[in-house]
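> Please model the complete structure; the sequences and the hints are all you need to start from.
In order, the protein sequences belong to chains A and B. Residues 1 to 228 in this note's numbering are what the first sequence lists, from first letter to last. Residues 1001 to 1394 in this note's numbering are what the second sequence lists, from first letter to last.
Hints listed in this document are in silico derivations from the structure and should not be mistaken for laboratory results. Heads up, some of the hints might be wrong.
Examples of chain A residues lying across from chain B (beta carbon under 8 Å, computed) [unchecked claim]:
#, residue
1, Arg83
2, Phe91
3, Leu97
4, Gly109
5, Tyr112
A few chain A residues facing chain B, derived, Cβ under 8 Å [what the hints assert, rightly or not]:
#, residue
6, Leu56
7, Asp76
8, Val82
9, His85
10, Gly114
As the structure is a computational prediction, the values presented were derived from the model and not from experiment. C-beta: ideal position from N, C-alpha, C; glycine also.
Below are the chains, spelled out letter by letter.
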Amino acid sequence: MTPVLELRDVHKVYPGTPPVASLRGVTVTVHAGDLVAVVGPSGSGKTTLLNLAAGLDRPSRGSVRIAGEPVERLGDRQLSGVRAHRLGVVFQQFVLLERSTALENVATGLFYRGVPAPERRRAAHAALDRAGLAHRAGFPVAHLSGGERQRVAIARSLVGRPAVVLADEPTGNLDSAAGDSVVALLHDLNAGGVTIVVITHDERIAASMRRRVSLRDGLVVADTGGGS
Amino acid sequence: MRSRLRLADLLPVSTAGLRARPGRTALSILGVAIGIAAMVAVLGVTRSSQAEVLAQIDRTGTNLLTVANGKTIRGAEAELPVTAGAAIARTEGVLSAAATATVPQHVYRNDRIPAGRTGGLSVRVADPGLLGTLDAALVDGRFLDPALARYPAVVLGHYAAGALGIADVSDGPRVWLGGHWFSVVGILAPVDLAPELDTAALIGAPVASEAFGYTGHPTRIFVRALTSRTAEVAGLLGRAADPAHPEQVAVSRPSEALTARIAVTGATTVLLLGLGAVALLVGGIGIANVLIISVLERRREIGLRRALGATRTHVGAQFLTESVLLGAAGGVAGVVLGSLMTWSMATVRGWQTLIPAPAVGAALAAAVLIGGCAGLYPALRAARLSPTEALRSV
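Here it is, written out as structure tokens:
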């Protein structure tokens, strides 16, 4: 099976006095169809890992391959292309365009692929439907509940059928009922074939995932399905 | 596998920020609009007023010359010879000549008005040919003719008639002129090239010599020359008017004063345009300011767009387009505002409204350019924003 995400001996050092080593040699491989939880306490390097996996940042050392593309060798244009075509990202704070409807927000997932607007809307409808929010398509996202907003964000990450969906604390801003429903949605999507990496410090959510990667002080200390 | 932003999507995405804050957008547009409006109005008003002056020159012609008494070598006022008018009329290249002379008398509405209240009006002797030479028009009545010139008849200048409260001559109004009753037979329209006639009461030479002892020395002779030989004729007039002392004759060309007026407005225009440019520059700085704030406020959105696959160029283009749109909107608003100002000014002054098309084009181009320049720095900042930092900000 081809790995959709491959981090090999990845180091990330943030400049400063003194420099902060956020990742100190992380190797993780994610295959198509995986459902992975990355867990660890604050400051363990989870978010840095996500930023590198999402092509938003580059490693100081080591190699990151997203769908086979070596991040450290790509220019801004090419790396942006990888983000537009191969990745879906879900944030803890949703990060939605507050003045737009749920449908428009989901459609922005295809915005930087050069897909014409009518086609974007069709795909957005389908993605909203998969996220169980078809009935909210025309609602301004500002009027939606937290759980619904996160579903919109998940639908946006799905709309382009990316190789992998990365979710950073997707339940962090939700109450437990809404959080559970979002986790259930992630499980459903994974069952439908979507590769998902969830970053969380919620042990309960992590426990529900098939594979757990534990980080501590910038190192992988446990990987229940690693190396496969 | 390329990141791509459709041109059709760039416009809505760039206006989203503007639509989200209509008040701020309107204010930043206003800055540029004021600058552009000032420039368009300056050019429009100057052009409209120049057109008016040019029309005046066209109406009156550039071939009118005036001959007046100059100064003697000792500085005293010289006197034109009695024969000056006739001599000038015989000069080659002269189409017609008409002499006028001031008479030290005053004109009043009636004999009850105190002598001091002259209203600034003068009394002048005029040749019957004056109307034709000046190509002037009458508002009412008729001009002096050789017969009328022998009788106490008076033609009033346009302002003089108003000052004396005489609007028409149908009921045979009379005025008290130098201790005699004179019948008003005509009222002149304003004379552009000889504004001194607007405040004058014109009487015939025979009646002036009979009643006021007028000796026949003209003080000002209007000369209409062949257009092609006007300058040459101007050189001949001194000698023709006073062969003995040609240096004591002042010859001038009234149309030159009007031409000078255009030159003067030209100089003022440059100054005012400069002020407009300063306003435009300030407007541009306003746009830059607003956009920098906007980039700071929309860091999360920038981060999101980067995460969704936007390149640096896409993010920069979004803010640059926003800025150019602000500039263009300011330009359009400014042109409308400036045209409106020109129109109202021209309407009040009774001019024809003229807004030079190249000025409108240049104003719009300047507005777009200013918008573009103002947007460069904010767009660069937005493009350079690290996506991870942008997403972390709240």
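> Does each hint fit the structure? Answer for all of them.
Okay, the hints, checked on the actual structure:
Contact between Arg83 of chain A and chain B, as hinted, is supported at the beta carbon level, the nearest pair being about 4 Å apart and thus within 8 Å. Interface hint at Phe91 of chain A: satisfied, since its Cβ lies 7 Å from the closest Cβ of chain B, which is below the 8 Å cut-off. Interface restraint check for Leu97 of chain A: the shortest CB-CB distance to chain B comes to about 7 Å, inside 8 Å, so the restraint holds. Residue-level restraint check for Gly109 of chain A holds (minimum Cβ-Cβ distance to chain B is 6 Å; threshold 8 Å).
The beta carbon of Tyr112 of chain A is positioned within 8 Å of a beta carbon in chain B (closest approach about 4 Å), and the interface hint is therefore held. Using the Cβ-Cβ criterion of 8 Å, the hint placing Leu56 of chain A at the interface with chain B is satisfied: the shortest such distance is roughly 4 Å. Taking 8 Å as the C-beta contact cut-off toward chain B, the hint placing Asp76 of chain A at the interface holds, the least distance being around 5 Å. Taking 8 Å as the C-beta contact cut-off toward chain B, the hint placing Val82 of chain A at the interface holds, the least distance being around 7 Å.
Here the hint on His85 of chain A is kept, as its CB sits about 5 Å from the closest CB of chain B, short of 8 Å. Hint on Gly114 of chain A holds. Least Cβ distance to chain B is approximately 3 Å, under the 8 Å limit.
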